[in-house]
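Fit chain to chain and form the complex, with the hints in mind.
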Amino acid sequence: MNESKAIVSIKGLTKTYENGHQALKGINLDIREGEILALLGPNGAGKTTLISVICGLVSPSSGTVTVDGHDIIRDFRITREMIGLVPQELTLGAFERVGNTVAFSRGLFGKSPNEAYLDELLEELTLLDKKDSMVQQLSGGMKRRVLIAKALSHEPRVLFLDEPTAGVDVELRKDMWKIVERLRQSGVTIILTTHYIEEAEEIADRVGVISGGELLELEDKQTLMEKLGKKQLVIELKNPVDSIPAQLTDYGLELSDTGAKLTYTFDARQERTGMTRLLSSLSEAGLQVKDLNTRQSSLEDIFVDIVKADA
Amino acid sequence: MNTEAIKAIYKAEMRRTRNTLLQSVAAPVISTALYFVVFGSAIGSRIESVSDVPYGAFIVPGLMMLSLLTQSISNASFGIFFPKFTGTIYEVMSAPISFFEIVVGYVGAAATKSLILGVLILITATFFVDLRIAHPFWMIAFFLLTCISFSLFGFIIGLWADNFEKLQLIPSLIITPLVFLGGSFYSVDMLPEFWQKISLMNPVLYLISGFRWSFFEVADVSVGVSLSMILLFLVACLGIVWMMFKTGYKLKP
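Line by line, the protein sequences give chains A and E. Using the working numbering, read the first sequence as starting at 1 and increasing by one per residue. Using the working numbering, read the second sequence as starting at 312 and increasing by one per residue.
If you're looking for bench data, these hints aren't it; they were derived computationally from the structure. Any given hint might turn out to be false.
Said to hold, decoys possible - Label pairs and their computed distance ranges (CB to CB):
no.	chain 1	residue 1	chain 2	residue 2	range
1	E	Q479	A	Q136	22 to 32 angstroms
2	E	V340	A	A166	13 to 23 angstroms
3	A	S133	E	F411	27 to 37 angstroms
4	A	S133	E	D500	53 to 63 angstroms
Ideal Cβ positions, reconstructed from N, Cα and C, are used throughout, including at glycine.
Bound-form chain E, shown alone (with noise of 0.2 angstroms):
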């Protein structure tokens, strides 16, 4: 195991936020102060709770799980391009490291700053509205695994891409319509029964259901099938990757 390579990578994708502070965490973290002040104050003055949690309350870990997804897939999916775009690449390819080993120096930051923007997120959210977590756990858990598997997901999307057309394709126009159909904002059961029927087939629905289950023990969905959907996604990644690491995808003719 090269580990002084996974510093390496880990490192020098750590410093590439650092010198864009302002675009990696301070956008995501004032994008969510704004969702809490016109969903939770100005909209959700109007909607008092929903099932019981406070609406401004109800709305934090889809909140969450919105700035998680794409900023996970947003981070591994540019880390692994940019180099691919600059021609860098070459030196890691060059390098005695495995496939696995730049998978998780590029996976790891990603879903490091991740969690530092959820964390962020977490606090803010603090400042508008009374939080309970009811099984911390849990709520790790479901944390952690979402950063992982998003940001697994992004570096694929990274390696795919070969434009920047591409790099924002999916993000855009399939993460964030699931994100915000997958009940970040509603209960699933507000729903009409029809569309409760096609939100079902989302699987953000899963994510963001067991999320909110940790915190209020409020749930669209079993949280068993919630915990089994992020974990296949995080398994389907892995194979993905390992599938790529086989062929030596886009990266070695």
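Chain A with its partners taken away, still in its complex shape (with noise of 0.2 angstroms):
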């Protein structure tokens, strides 16, 4: 991971909506020049509330946005020119062909037109035979397209995808991961927004975890990705016992209060579990299981435990 100097830097960020609705508690956040970050939280976590602020859609409560040592507000036509932003909805104006509208938003965005940077974006996203076509009468996995072409018609140097998966087929979505390498490759700084921790993983170098609009963590995606790999085996004993016996002391076990219940934390994405080995020990040392099961620490555990290790 490249530590290289903060494209984005967020300062004490805070939004009360009019209807008392506080969706970010101060937000303090730096995005590196040329990294993937994704957020991650559940629905209403203050996701888009953020992202709309640094876009200029929601006017912040207090606290401060640069880009690249710019203020949002004050210098906001050099902020915004920078910026790219494919909205989560498919917001677009049906009686439009593909070509005026992405031709449109580059314009809108101060640049002087340039047909053959739209004529080639328009090409890497497969939409080039699609450019006289009326936006309505595409299909919605072309329309995500259309919208991302409109982001990046004025070649900007951050892009925001918020939740760019929702409602995507697969093909679609390997194409935008393709994109977005390629982005990457060219030194665009990009911010996704996700519920998905398998998009998180696939994608990003850092992950930002959201919730109740505050920033609870933000971390490698490797050092993330540990803590949400991890899984649980939950034995259930016949006759409860008083200590772990010696045989299985190797397996870092947790024992119940009521002495029925053991359970061991691993990693299922490693090839070893050490499952079996575990179940072998266990008759050794004379232990007769009731039952057995396994849970994934998901997303809302590792909330818990953030918000627990925050209180």
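In structure tokens:
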């Protein structure tokens, strides 16, 4: 992971909507130039509000955001020119042609027309043959490609993808990750929001966990995935025990208060989980198993853990 | 100044007009021609002249105003309301563009459409009546000021409206009656004295009167008052738009 300078710097950002809902509670975050950052969190966590503030769609209540050192409010012309946004909803004017709407976006962001670049962009998104098609005639997946083309039309340095794979088929999802990878190679910083762990795992360099308007965790993907990859095997014993038998001390087991349950934590992504060995050790120790079940530490668990640690 | 953005909005809006040519241009021209047939020829043949102007010619400025007002408002209000309705406004709001530039793009396009329409109506009118324009400079001034100020007014309505009903409310319930009662088809002194006084409270009367004066040198109120009224309206609209800009009214939570 490169430790390059911050392209987007967020300090003490809060947002309270008119109805009193506090969507952001003091976010501090530095987004590094050239990285892919995934913002992970459940619905209503504040992910979209955070993005919306940076893009100028929502006014912050307090705090500052700078993009490449420029304040997003005072120097909005400079910062917004550097930013591209692919919104969550498929918001496109119905009665427009693909080519026109992409050219419109480029103009809106202050860039002079450049048909060669836009054609190249459409080509890459497999939209070139749809250039003269009306937007309303396109499928959902195609519409999302058009939104990506619009966001990239003015050659932004920072790209925000808000829930890019919501309702997207496998093929487009693969294509999208290819585009994201190519953009990263060309030096574009990418921030995507998602509530799927796998998505963050697939693509991101770093992962930020947002819940209840707070950034609870910000880590390199590897570190966070190790936490998320944890699985637990709960062994219910036929006859409760007072302590963990000597044969089982190497497994790092936890004994429940009643002495009837043993919990074994392992990394499900490892080739060897140690489960088979544990089961044979159990019988060697003369313990009879009543029931077994495994559970994955879910995103919710992680949230609970992080919140607990936070409190 | 982000001139590329103004151009982009202006072009997109004009493209929308081209796509809906029948609705945007043909419909108002046809309905104006119908007014000429009904009011100018059928009824007008029984009213010889008003203030020494043949009735058919007398109604031309009023008819133009009727179309300019309603079309400026509907063009501009729909132009900004539709992106709000579909959600595509996010793009304009996240672009490096000031509210002033947004207004210039949308209102400029709406006013241009009204100008084209006004010219078409004027041309249509010459097929029915002999027209003379006594003060071409003032005629163009009134014409331009009306297109711009009512497009601005339409823009305000489009921003304010959060559903289709509200979008239609002011044009159909307020503007159309004001235009009809503002002397489009008659001179105010043809009314009983009581209604004359009531009519003087109608701002559109001043507009039509001034515009008619530029054609025939015939007016219900002095032309200076007319010009002041339209300028006042323009300033009021600019003020409201400026306020909306300051507060991010209904666009930015």
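We went through each hint and held it up to the structure:
Taking 22 to 32 angstroms as the suggested C-beta distance range, the pair E/Q479 and A/Q136 conforms, at roughly 24 angstroms. Judged by the Cβ atoms, the range 13 to 23 angstroms given for E/V340 and A/A166 is violated: they are separated by roughly 46 angstroms. About 34 angstroms separates the C-beta atoms of A/S133 and E/F411, a value consistent with the hinted range of 27 to 37 angstroms. Hint check: A/S133 to E/D500, Cβ distance near 59 angstroms, so the stated range 53 to 63 angstroms holds.
The earlier numbered hint that this structure contradicts is number 2, and it is the only one.
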